[in-house]
Each structure stands twice: as structure tokens, then as C-alpha cells.
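Participant: Here are the chains, one letter per residue:
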Amino acid sequence: MTSCPNSHDDAWDLNCPQCLARIDYGEACRGLLKLPEASVSFEMAEAVFAATPKTPATNAFTCELATGPEKHVEADTLTLKEIEGGTWRDYLEEDETLRKWLRRISIGRSRHKLLIMDTTKPISVLAAGNASIDRDTTVVAITADDTSTPMERNTSYAALKTIHGRKLPTILVTSSYAENLAAFSESSGLSRGRRALNQIITGYINQIRTISSFIERDRKIGIEAHALSMLISANEIVYRDVDAAIETQRQLGSTPYDEEDVLSIRLLAVSHWERFNKIERAYRRFRSRYTNLIDSEISLSEADTRQRLYDIHILYGLRRDPVIPLLREGYEAVAKRIPSLRWEDHR
Amino acid sequence: MTEKPEAEFTNLRYGDRSYPHGRVVMDREADTITFIGEKKGLINRLLRRRVTPIREKITATTTIKADYPRVTIGGAAFELADQESLQSIVDAATRPRREEKQRIERLILDAEKTAERFLVERGKALTNIHDLIIEPRKTLMMAEEQIIDAAEPIEAYRKQASEGFEDVYSEVTSKINALRSHVKEDDIQRICAVIYGVGRAQDALFTGDEELLSKSLTLIERATARSLRPEQLRNLPITTLTTELCTELNTIALNIIDTA
Numbered sequence: 001m002t003s004c005p006n007s008h009d010d011a012w013d014l015n016c017p018q019c020l021a022r023i024d025y026g027e028a029c030r031g032l033l034k035l036p037e038a039s040v041s042f043e044m045a046e047a048v049f050a051a052t053p054k055t056p057a058t059n060a061f062t063c064e065l066a067t068g069p070e071k072h073v074e075a076d077t078l079t080l081k082e083i084e085g086g087t088w089r090d091y092l093e094e095d096e097t098l099r100k101w102l103r104r105i106s107i108g109r110s111r112h113k114l115l116i117m118d119t120t121k122p123i124s125v126l127a128a129g130n131a132s133i134d135r136d137t138t139v140v141a142i143t144a145d146d147t148s149t150p151m152e153r154n155t156s157y158a159a160l161k162t163i164h165g166r167k168l169p170t171i172l173v174t175s176s177y178a179e180n181l182a183a184f185s186e187s188s189g190l191s192r193g194r195r196a197l198n199q200i201i202t203g204y205i206n207q208i209r210t211i212s213s214f215i216e217r218d219r220k221i222g223i224e225a226h227a228l229s230m231l232i233s234a235n236e237i238v239y240r241d242v243d244a245a246i247e248t249q250r251q252l253g254s255t256p257y258d259e260e261d262v263l264s265i266r267l268l269a270v271s272h273w274e275r276f277n278k279i280e281r282a283y284r285r286f287r288s289r290y291t292n293l294i295d296s297e298i299s300l301s302e303a304d305t306r307q308r309l310y311d312i313h314i315l316y317g318l319r320r321d322p323v324i325p326l327l328r329e330g331y332e333a334v335a336k337r338i339p340s341l342r343w344e345d346h347r
Numbered sequence: 001m002t003e004k005p006e007a008e009f010t011n012l013r014y015g016d017r018s019y020p021h022g023r024v025v026m027d028r029e030a031d032t033i034t035f036i037g038e039k040k041g042l043i044n045r046l047l048r049r050r051v052t053p054i055r056e057k058i059t060a061t062t063t064i065k066a067d068y069p070r071v072t073i074g075g076a077a078f079e080l081a082d083q084e085s086l087q088s089i090v091d092a093a094t095r096p097r098r099e100e101k102q103r104i105e106r107l108i109l110d111a112e113k114t115a116e117r118f119l120v121e122r123g124k125a126l127t128n129i130h131d132l133i134i135e136p137r138k139t140l141m142m143a144e145e146q147i148i149d150a151a152e153p154i155e156a157y158r159k160q161a162s163e164g165f166e167d168v169y170s171e172v173t174s175k176i177n178a179l180r181s182h183v184k185e186d187d188i189q190r191i192c193a194v195i196y197g198v199g200r201a202q203d204a205l206f207t208g209d210e211e212l213l214s215k216s217l218t219l220i221e222r223a224t225a226r227s228l229r230p231e232q233l234r235n236l237p238i239t240t241l242t243t244e245l246c247t248e249l250n251t252i253a254l255n256i257i258d259t260a
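Quick mapping for you: the protein sequence lines, in order, are chains A and B.
The working numbering numbers the first residue of the first sequence as 1 and each following residue consecutively.
The working numbering numbers the first residue of the second sequence as 1 and each following residue consecutively.
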């Protein structure tokens with residue numbers, strides 16, 4: 001700020017235009033030592049994909065941790081050298097490499113954080129336990145199930161136990177569920193399996209505020225494990241009405257769970273506004289069947305499509321992780337034969 | 001050229017003393033002029049009896065006038081027999097003045113270069129911080145290890161970006177202060193106004209403040225009495241704008257040298 005000795009501001013001349021006093025620009029130059037204020041802002045959401053291909057999302061930073069023939073570092077991908085026959089324990093050696101890379105790409109700076117990982121893959125345990133993954137990160141965990149090998153179950157068990165040990169909120173998706181998924185969108189058509197899962201995850205990132213709010217509310221009532229079910233691009237031709245569409249969700253959970261263990265139900269619907277009332281009514285009937293509910297919530301997001309399609313996402317807050325018991329036998333079988341793969345010894 | 005040019009003089013007047021002839025000797029190393037008069041009278045001339053020499057120190061401010069055959073140096077006015085002698089004596093006598101002028105030129109140009117370095121470093125700092133704001137992840141990705149390992153990498157990056165120009169600032173002020181006894185205060189004021197104007201123009205580009213840019217350029221125009229072309233400057237990157245505007249600093253420095 002240039003000011004004259006007689007306190008007339010904003011002179012911008014060699015002499016004050018009001019009183020003609022000389023402006024002391026030598027003193028004014030001292031002000032140049034201070035740079036203008038400007039805040040640094042990151043994308044609203046960030047997602048780390050571990051052992052599963054990353055998917056781009058608008059207004060979000062996505063990056064990937066993978067393994068490959070050679071170690072390779074990029075701004076959005078860290079490829080660790082694949083260890084032949086390597087187990088999750090072998091990859092823990094790379095913990096510092098991963099920590100430094102995540103720090104270098106400023107992971108943890110966005111308001112909403114996701115870690116999406118295939119827990120059947122060894123590097124998932126490395127990602128789950130890394131110090132650069134904040135405690136308010138929501139994990140989408142693709143887990144082993146009864147179709148998985150004992151080794152995969154052992155790895156998945158170790159990754160899930162690591163996540164639970166850090167009290168990270170988790171959305172559980174079994175491998176079989178992910179493989180059998182199908183999703184349709186007017187823009188990209190039909191996709192199946194992991195591609196469909198990626199499409200759904202992109203949808204989650206786009207709705208990250210609502211999803212984060214759901215997870216945060218569950219966290220406040222002590223819920224960490226979640227299952228989900230979803231209906232993408234539904235319409236009245238396939239489902240008689242919204243009631244029928246939502247009712248089918250009972251059978252379409254991303255992981256097997258006992259209905260008595262469901263403590264919260266949170267529904268996100270993306271639809272034309274004219275359908276909102278029907279969805280709300282159907283949601284109330286749907287949730288009434290869960291007898292142990294502590295909390296429930298519905299969020300309606302307006303979207304118009306040419307064919308008046310609608311999406312339903314339901315997040316089930318669970319009393320306990322239902323996958324861990326399914327994996328224990330396979331985990332123990334491996335841990336007995338290979339004691340180094342006993343997760344409890346690595347805590 | 002000898003270090004002590006000398007010549008025969010006639011008609012020397014020095015205060016209330018006068019000598020019809022004698023020798024004048026310039027000592028370049030000591031910057032003194034010495035008049036050795038001869039006493040009047042034939043005997044004295046034959047014996048070359050001399051009076052106490054008149055010795056005067058020559059400085060950058062000593063008055064020197066030459067209009068052949070008459071020469072005035074300080075309090076001494078005398079005549080020389082030929083042009084060559086006159087040239088040799090005057091050259092030697094004006095050396096302190098020339099050297100002082102060169103010294104002041106160096107001081108002005110040195111201050112100008114230091115100010116330019118300050119502004120260029122400041123422009124670089126703003127550019128780096130601008131990169132951090134636009135693409136924080138990419139910018140930090142390229143940052144040094146010590147920044148990434150800092151407790152607050154963003155603050156560490158900002159701090160490191162600012163260090164370059166902050167260090168130069170004290171040099172700028174000391175070099176401008178060194179000018180004060182040689183250059184008019186108005187000229188110092190003009191130099192500082194241009195430095196300030198360039199710095200604020202940098203800030204204007206950084207923040208996208210059109211009004212501030214316009215005011216800053218007006219200030220530079222008033223200090224240099226030259227017209228700028230704001231429409232061509234407002235879309236430049238900060239570093240290019242700095243380079244462009246620093247030519248105004250150079251212009252003002254040369255202008256001061258011319259009038260010094």
C-alpha cells in the first residue's frame with residue numbers, strides 16, 4: 001500500500017495527489033517482501049486404488065498402486081517390482097517406498113478420501129497399513145470369499161484385519177459379487193464384472209459428499225463395516241414398480257450378512273424428481289423389515305435421463321464384519337503351514 | 001603519457017599571488033597540481049630561483065575551465081603556450097571527476113541490477129507458488145525431498161520459494177542507500193517507485209487484479225515519464241512481465257547517469 005506522510009491512501013504517484021507530499025517508495029518497497037495470500041486447494045475427493053485398476057473421476061484425484069515387471073514411479077501410479085511367488089508379507093518391505101510416494105502426491109489432502117483395494121492381492125495389506133493412509137479414509141474392500149483359494153483368503157484376512165485394526169470404515173464387496181456385477185449407463189452401455197464395479201465406484205466418487213456423510217454418521221454410532229447393494233439404470237419395464245425394485249436389494253448385498261446384524265440403512269437414489277415420493281415410500285417399507293436398526297437415512301439426488309432410468313444405492317451398516325468368519329478357515333490353513341503369514345504376528 | 005605531465009605556464013594568478021611564468025606539474029597519482037613560479041628579475045631568472053610552490057589538491061568538484069590559452073583549475077588561472085600542453089594538463093586534472101562519475105555510474109547500475117535480481121527472484125517465487133495453487137499435487141511431486149518430508153510440505157514449499165528474493169532485498173536497500181550521497185533524492189524516489197510498481201504488477205498478475213495492474217503500470221509510467229502498453233502486458237506470464245518492466249528500471253538508471 002502506498003500512503004503519503006499525511007495519511008492519504010492509494011497515491012500511485014511520485015507525490016500525493018491530494019497534498020503533494022512525497023510518497024516514500026523506499027519504505028513502500030518493504031511491503032514487497034510479503035507475497036499475496038492465496039490458498040492451496042486440492043480436489044474434493046481422492047481415491048487410491050490398490051491392486052485394482054484406477055478409474056478416472058471428475059473433481060477427484062485418483063492414483064494406483066500396482067505391481068509389474070519393474071519398479072516405476074509416476075505422478076499417479078506406483079508400480080512395485082513384482083516379487084515372484086511373493087506373499088503379502090514380502091511386500092511389507094516396501095512400506096517406506098509407499099509412504100513416501102503417497103506423501104509426495106499429497107494423499108490425505110482432499111476432504112474425502114477413498115482406498116479401493118482388492119484384498120486378495122498381496123499389496124493390499126501393504127496399502128491397508130500404510131501410515132500415509134489417513135484414519136478418515138473410507139475403504140472399499142474387494143474380499144475373498146468361498147470361491148477364493150486359501151492363499152487369497154489368507155491375504156484378504158490379513159488386509160481386513162489391518163483395516164479393522166486401524167478402525168477404518170469399510171464397504172465390503174466379495175470377489176464373486178464384483179465378478180457378477182452388471183451395470184448399464186446411457187453413455188457407456190452395459191458393463192460387467194470389475195468394469196461394472198469401477199463404473200459404480202466412479203458413481204460413488206461423484207456422490208462422495210453423500211457417501212461420506214453416510215459413513216460418518218455410521219462411524220458416530222460405532223459402525224465400521226458396511227455392505228452395499230445397488231440397482232443401476234432401473235426402469236418400470238424391468239421392475240414392476242419402485243417397491244419391487246428396492247425389495248430385490250435384500251437379495252443383492254455385496255457380501256452375505258445376517259439381517260439381524262444390520263444396524264443402519266442409508267439409501268441414495270438418483271432419479272427424476274417425479275419418482276422421489278415413490279422411492280421414499282418404498283424405502284420406509286423396506287427398512288421396516290430390519291428389526292435392529294439404530295439409524296436410517298435417505299438421500300435423493302435429481303438426475304434426468306432420456307429413458308427415465310434411476311439408480312438405487314443402499315449402504316448397510318453392520319454390527320460386525322461378516323467376511324472375516326468366512327475367511328478364517330482358509331487363513332488358518334495357510335498360516336499353519338507358513339507361520340510368517342500369520343497376521344497376528346505382524347501387528 | 002607520463003604520470004606527471006608538466007608544462008611552462010605564463011600569467012599565473014592564484015589569489016593575491018601572481019607569477020609571469022613558471023612550471024605547472026600534474027601528479028596523477030596524488031591528484032595534485034603544483035605551480036612552481038620563478039622570481040622576477042633577470043638574476044633570479046638566470047639562477048632559476050623559485051618561490052614556494054603552490055600546490056592544490058584536485059577533486060571531482062574542482063572547477064576546471066579551459067579556453068586556450070587560458071586555463072582555470074581551482075583557484076589558479078594561468079596560460080599555456082600550446083594546445084597539446086593544455087590538453088595534457090586538463091586531461092590529468094579532470095581524471096578525479098571522470099573517475100567519480102564512473103564510480104557513481106557503477107553504483108547506479110549495480111543498484112539497478114540488484115533491484116532487477118530482486119524482482120526476477122520475486123517473480124520466480126510467485127510463479128512457483130502459482131504453480132502450487134493451480135496444480136498442488138504435480139508441483140509437490142516435483143519438489144525436493146526435504147520439502148516432502150517437512151511437517152507441512154505446502155508451507156515448506158512456500159518458504160523455500162520466498163527465500164531467494166528475501167535474501168536479495170537487504171542488498172537492494174543497502175545499494176540504494178549507497179546512492180544517496182551521489183544522486184538526487186528525486187532520482188532515488190523514481191528508482192524506488194519503479195521497483196514498487198513492478199512488484200505490485202507481479203502481485204496483480206498473480207491475483208488476477210486488473211485494477212492493481214493498471215495502477216502499478218501508471219506509477220511506472222509516471223516515474224519514468226514513458227508510456228507502457230498495458231494491453232500487451234496483462235496477459236504475460238509473471239516472469240516475462242518482470243523482464244519487460246525491468247527495462248524501465250534500466251532506462252531510469254541510464255537517465256540518472258546522463259544527468260548525474
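Hints should not be assumed to be uniformly reliable.
Stated by the list, open to error - In the SDA-like style, the derived pairs of lysine to any residue whose C-alpha atoms are separated by at most 25 Å in a straight line are:
1) A/LYS34 x B/ARG70
2) B/LYS159 x A/THR149
3) B/LYS184 x B/GLN87
4) B/LYS184 x A/LYS34
5) A/LYS100 x A/PRO56
6) B/LYS184 x A/ASN15
7) B/LYS184 x A/ASN6
8) B/LYS138 x A/ARG103
9) B/LYS215 x A/HIS8
10) B/LYS175 x A/SER41
11) B/LYS159 x A/PRO56
12) B/LYS39 x B/ARG70
13) B/LYS215 x A/ARG103
Claimed, not checked - Here are a few chain A residues that sit away from chain B, every Cβ distance over 12 Å (derived from the structure):
14) ASP10
15) PRO36
16) ILE237
17) ARG319
Claimed, not checked - Covered, in the sense of this in silico footprint (three residues per stretch, anywhere, with C-beta under 8 Å from a C-beta of chain A), are these stretches of chain B:
18) 57-67
19) 238-252
Source of the hints: derived by calculation from the structure; they are not laboratory data.
Quantities reported herein were computed from a predicted structural model and do not represent experimental measurements.
For glycine and all other residues, C-beta sits at the position ideal for the given N, C-alpha and C.
Participant: Next step is simple, just say for each hint if it's right about the structure.
Facilitator: Here is how each hint holds up against the structure:
| no. | hint | result |
| --- | --- | --- |
| 1 | A/LYS34 x B/ARG70 | violated, 60 Å |
| 2 | B/LYS159 x A/THR149 | violated, 52 Å |
| 3 | B/LYS184 x B/GLN87 | violated, 31 Å |
| 4 | B/LYS184 x A/LYS34 | violated, 29 Å |
| 5 | A/LYS100 x A/PRO56 | holds, 23 Å |
| 6 | B/LYS184 x A/ASN15 | holds, 16 Å |
| 7 | B/LYS184 x A/ASN6 | holds, 23 Å |
| 8 | B/LYS138 x A/ARG103 | holds, 12 Å |
| 9 | B/LYS215 x A/HIS8 | holds, 16 Å |
| 10 | B/LYS175 x A/SER41 | violated, 39 Å |
| 11 | B/LYS159 x A/PRO56 | violated, 33 Å |
| 12 | B/LYS39 x B/ARG70 | holds, 21 Å |
| 13 | B/LYS215 x A/ARG103 | violated, 42 Å |
| 14 | ASP10 | violated, 8 Å |
| 15 | PRO36 | violated, 5 Å |
| 16 | ILE237 | holds, 44 Å |
| 17 | ARG319 | holds, 38 Å |
| 18 | 57-67 | violated (count 0) |
| 19 | 238-252 | violated (count 0) |
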